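**Q** Protein chains in written order, with the working numbering: chain L, 1 to 110; chain A, 111 to 402.
Don't read these hints as lab results, they were simulated from the structure. All clues given are correct.
Cross-link-like lysine-lysine pairs, in silico, DSS-like; alpha carbons within 27 angstroms at most:
1) 257(A) to 76(L)
2) 188(A) to 2(L)
3) 389(A) to 377(A)
4) 189(A) to 42(L)
5) 233(A) to 81(L)
This structure is a prediction, so every number in the text was calculated from the model and none was measured.
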Amino acid sequence: MKIAITSTNNSLDSTFDLRFGRAAYFCIFNTEDLSTEFIENKNVNTKSGAGNKAAQTIIESGVSRVISGDFGPKAKDMLNKFKIQMVMLDDDSKTISSIIEQLKSNNNYA
Amino acid sequence: MPIKIAVASGKGGTGKTTVTVTLFHYIKENITSKVQIADCDVEEPNSSIFFDDLKPIESKEVLQMIPSINTDRCSFCKKCVDYCEFNATVVIPGVGFAEVNSALCHSCGACLYACPEDALTEKSHAIGQLIKFGNNQETPLIEGKLKVGSAMQTMVINHLVNDDWLNGDIILYDAPPGTSCSVVSTVSQANYIILVTEPTPFGLHDLKLMIELVRKLNKPFGVIINKADKGFEETNTYLMSEGIEILAEIPFRVDYASSYAQGSILKNIPGDINAAYSKLISNLKNKWVHYA
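Can you make the complete structure from the sequences, with help from the hints?
**A** Shown next as C-alpha cells:
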C-alpha cells in the first residue's frame, strides 16, 4: 500500500510538514517495494481550497493512508469519502526518513 | 434616488452601530421620516436590539446558485477544474467522482461555461436571509443575516443593499468592521461614507487603512471621532495634515455607555452628545443635498 507523508522539501532528509493542504511536498512511500516518490504541491499558495485540492492529489496517487499535522474540514470530508486513513503527528522536527524508518520497524502497514 | 450613507470604521468597537442608530434618530427628527437602516454586519447584525418597538415582520432567503455535476453525463475531462479559481470542483476520473464543494464555490459560472458535455446544472442553496423589522406604521430596519457555515458575506450584503425593501429617502448602511471584502461590498455602494474612529493608537492605525480604502474607491467621506475626550491628539493631527474633514467629535460619557449596554441609546441622550449630533446633522444636511 501507499502512505503519503507531508514534507517541507523533496528529499528524505527534509523535515515533516505539519500542514496538509499547504504542505510543500507529499512523499509517497510504497510499502511493497519500499520506494519513495516526492510530489510537489502545486497549490501551496492558492487563495482557497488548498485542502480540497491536496486531497484530490492524494486520492489520485492511490494512497490509503496520509500522515500530517492536522487536516482541515474540507480535506477531511474528501479523504473520508474515499476511506483514506488520516494519521496526525505533531512533531515537525522529525525527518521524512525517520518517519519511514518508524513505519518499517513497526511493520504496521495494515 | 435614495441617498445611501455607509457608516464604517476599520477597527471594531469604535461606535459604528451607536452612530448609525443615533444618526437615524436625528435624521428622522430633522431631515426626513423616510430613513432606513440596512444592517450590513451580516455575521453579527445587532442594530435591531436598539429598537424596542420594532419586531421582525417578514423575512426572505438569500439563495446562492451552486452547480452540481451529473456524473452520468460527465466525461471527467477536468475542464471545470481548470476553470475554477476557487478550487471548488473535484474530478477524479479513475473512480468516476465529480463534485462541487458548496463551501468553496463563489457562483461565478466559469465551470458551466467550461463544460463541453453540459453536465452541470445550478441548484439553489440558502446562504442567509434578509429580515424586515417594523411596526404598524413603518419598516425602518432591514437586517442581513449570514447562515452559520457560509463564507459568502458579500453575496448577502449585495442582496441586502439592492433589495426593494430599502425604499426610503435616506438609507444608512451599518458596515461590518475591518477593511475586507464585506466592507468593500458595503461602502462601494454608498454615496457618502462616515468613518467612525476612536482616539487610540489602534483606532488611528485602522482608520488610516480605511482612509486608504475609501480613497481607492474614490468616495467622498468624513470622520467622526467618537469618545473624543480621551486625550490622544495624534488622530486630530493626522486628519488635519491630510486635510480630512472631522464631521463631529462625540465626547465619552459613562451614563451614555451604560444606556448602550442596556440597549437604549436613544433615551436620555446627554446634553453635550446631543449638541455634537445636532451640529453634525446640519453639516450633513448641506452635504447630502448634492446626492439626492
